[in-house]
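2 protein chains.
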Amino acid sequence: MLATLIYGERDIRVEEVADPVLSTGADAIVRVVASCVCGSDLWPYRGVTPTEEPHRIGHEFVGIVEEVGPDVARIKAGDFVIAPFYVCDGTCVNCLNGVSTSCLQGGWWGGDDKVGGFADGGQGERVRVPLADGTLFALEEQPDDALIPSLLTLSDVFGTGHHAAVSAGVGPGSVVAVVGDGAVGLCAILAAKRLGATTIIAMSRHADRQAIAREFGATHIVEERGSDGVKAVKALTGGIGADQVLECVGTKESMDQALRSTRPGGMVGYVGVPNGGPELPVRSMFSRNVGVNGGVAPVRGYIAELLPDVLSGKVDPGLVFDLTLPLTDAAEAYAAMDERRATKVLLRP
Amino acid sequence: MLATLIYGERDIRVEEVADPVLSTGADAIVRVVASCVCGSDLWPYRGVTPTEEPHRIGHEFVGIVEEVGPDVARIKAGDFVIAPFYVCDGTCVNCLNGVSTSCLQGGWWGGDDKVGGFADGGQGERVRVPLADGTLFALEEQPDDALIPSLLTLSDVFGTGHHAAVSAGVGPGSVVAVVGDGAVGLCAILAAKRLGATTIIAMSRHADRQAIAREFGATHIVEERGSDGVKAVKALTGGIGADQVLECVGTKESMDQALRSTRPGGMVGYVGVPNGGPELPVRSMFSRNVGVNGGVAPVRGYIAELLPDVLSGKVDPGLVFDLTLPLTDAAEAYAAMDERRATKVLLRP
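Protein chains in written order, with the UniProt record's numbering: chain A, 1 to 349; chain B, 1 to 349.
Any given hint might turn out to be false.
Identical chains share a label here; the pair holds if one copy fits it or two copies do between them.
[Said to hold, decoys possible] When the alpha-carbon atoms are kept at most 27 Å apart in a straight line, the in silico BS3-like pairs for lysine-lysine are as follows:
(1) K231 to K114
(2) K76 to K193
(3) K234 to K114
(4) K252 to K114
(5) K231 to K76
(6) K314 to K231
(7) K114 to K314
The set of hints was computed from the structure by calculation and includes no laboratory data.
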């Protein structure tokens with residue numbers, strides 16, 4: 001089959017690799033219907049994270065189950081499934097606590113899983129899925145093809161944006177600001193709107209992303225950054241800042257922006273993978289009672305809640321995909337996102 | 001009147017000072033019935049915070065209103081009042097948001113207040129109370145003298161322990177660990193119990209404090225610290241850590257203890273004034289979805305909720321006072337706490 005590998009900085013290749021096989025009784029083999037490139041894939045692509053040797057890449061996909069092992073009870077061949085960006089059993093104490101990203105048996109795509117060895121990355125034609133009953137979410141019926149992009153966001157970005165909003169405590173009447181206008185930031189706007197926020201301030205400088213932000217429910221756009229950005233948010237929030245700020249970038253600057261844009265007693269919900277730090281300034285958080293909550297989003301647990309609104313068309317998170325390419329053009333997909341010609345690229349095998 | 005001043009490291013004196021007078025129409029003059037020494041008062045006492053010049057000290061007191069200004073509507077002469085450890089108007093947006101410690105007009109005892117100039121410190125015979133209607137909580141009737149210690153804890157430590165528990169999201173069935181066995185940590189145990197926690201692990205090495213911890217609802221005591229302490233907490237919590245950990249110290253070590261003792265997806269509620277740091281380790285928090293929430297406790301807003309249980313005797317937070325001295329012995333009160341001969345000292349003018 002074909003799969004995407006990263007060889008090093010700005011070196012993405014689609015190559016013929018061995019087909020995956022069932023390696024434990026709890027595995028499934030899934031034929032990928034759609035996958036995509038994540039903002040976090042750009043780290044090794046840009047060389048921020050060094051690539052020691054060529055390896056498979058990708059961690060978001062939806063597909064059709066082709067085969068299951070003898071211990072798989074819930075998932076069956078023919079199911080249309082959504083895979084979260086990680087593997088989880090759904091039964092351990094952390095999964096039951098809603099933190100399936102900390103699954104005691106869990107693991108990550110594209111590397112050696114804890115159970116059964118290598119698991120494929122998703123940016124390919126097929127994937128061995130460990131702990132299939134826990135990892136995969138099966139739809140009751142085959143979805144309309146037009147829904148594929150939105151279903152694919154449940155694999156990561158929509159669930160991750162939702163996690164930012166839930167972690168920050170967004171609810172009816174909330175005054176929210178969102179730092180970051182990538183796919184996750186945009187989905188955080190959609191999630192905040194869905195949860196009842198009535199003021200949603202999108203911090204964005206790009207006209208195309210501002211348009212999606214408005215479509216998703218942003219009531220205001222702030223283009224300024226740093227102290228000017230904080231000032232602009234305060235001007236829109238009675239001088240005090242937002243109840244909840246959703247941090248969807250992961251840099252020192254973005255976290256600083258988020259903390260300073262939050263009102264006293266408010267909360268930052270953060271899902272931007274912290275890029276080598278930053279450490280959080282506890283004294284200013286303490287004096288203003290600004291909390292920080294979030295982390296690597298346990299999206300598997302959110303699919304059941306978010307799916308009905310996707311299926312009904314009430315929300316359309318798939319709008320974050322502004323480019324669709326065949327799998328064989330994966331290198332161009334990375335380049336387009338790296339050069340900001342695309343917000344998020346969908347790959348079709 | 002008599003009042004307590006700090007002159008420098010380990011130099012506390014009780015001196016004759018001018019009686020306070022009404023300086024704005026919103027002021028009240030309160031005759032102090034009881035005050036006390038706070039753990040945070042030990043910082044200047046120990047020289048950790050330098051004392052540039054002699055000044056008044058103290059910030060927790062209860063008393064009887066002697067006189068009110070013409071703009072005071074709610075508080076009246078003769079009222080028995082509880083003062084929080086800060087001044088607040090009760091009407092600004094931050095007060096209405098439940099964060100009266102960030103009151104737009106508010107201030108602190110023992111220094112120049114934003115309204116009306118100098119406000120006394122509480123460790124004295126009388127206090128000028130700015131913004132009396134917002135700051136003071138008046139009881140409906142004069143309390144029994146035996147209740148004075150518990151009522152005094154509503155000025156700071158019981159409300160602060162409660163804030164740690166509320167900020168961390170403690171509720172029915174919670175599995176809680178408490179870092180710190182000072183008056184605030186002990187009150188955090190009581191607050192967690194009151195909010196329905198069913199497992200409460202007190203981290204304490206002192207037999208006398210362990211006894212109060214048990215009395216307040218601790219179900220387990222952990223004497224170990226550092227990695228051994230984390231291991232002990234995990235051994236009591238199915239291997240994963242506590243749902244909520246209440247950090248009631250404020251050092252780098254105590255926050256580290258708290259973060260590492262929290263289960264994935266859990267929350268640290270912190271009220272220990274951060275002692276010159278520490279910055280929070282965002283990457284480990286992110287990977288485990290451990291949040292941090294809390295800060296300088298808005299205790300004024302908690303009095304109405306906590307008072308009924310104090311008046312009924314359902315809770316007895318006044319047990320944290322293990323020494324009562326006349327105001328004239330304030331220097332000995334500080335020494336006793338500094339040398340850990342007392343957990344918390346009550347002063348009677």
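Verification of the supplied hints:
| no. | hint | verdict |
| --- | --- | --- |
| 1 | K231 to K114 | between (48 Å within a copy, 23 Å between copies) |
| 2 | K76 to K193 | neither (35 Å within a copy, 47 Å between copies) |
| 3 | K234 to K114 | between (47 Å within a copy, 22 Å between copies) |
| 4 | K252 to K114 | neither (32 Å within a copy, 34 Å between copies) |
| 5 | K231 to K76 | neither (54 Å within a copy, 41 Å between copies) |
| 6 | K314 to K231 | neither (34 Å within a copy, 47 Å between copies) |
| 7 | K114 to K314 | neither (38 Å within a copy, 51 Å between copies) |
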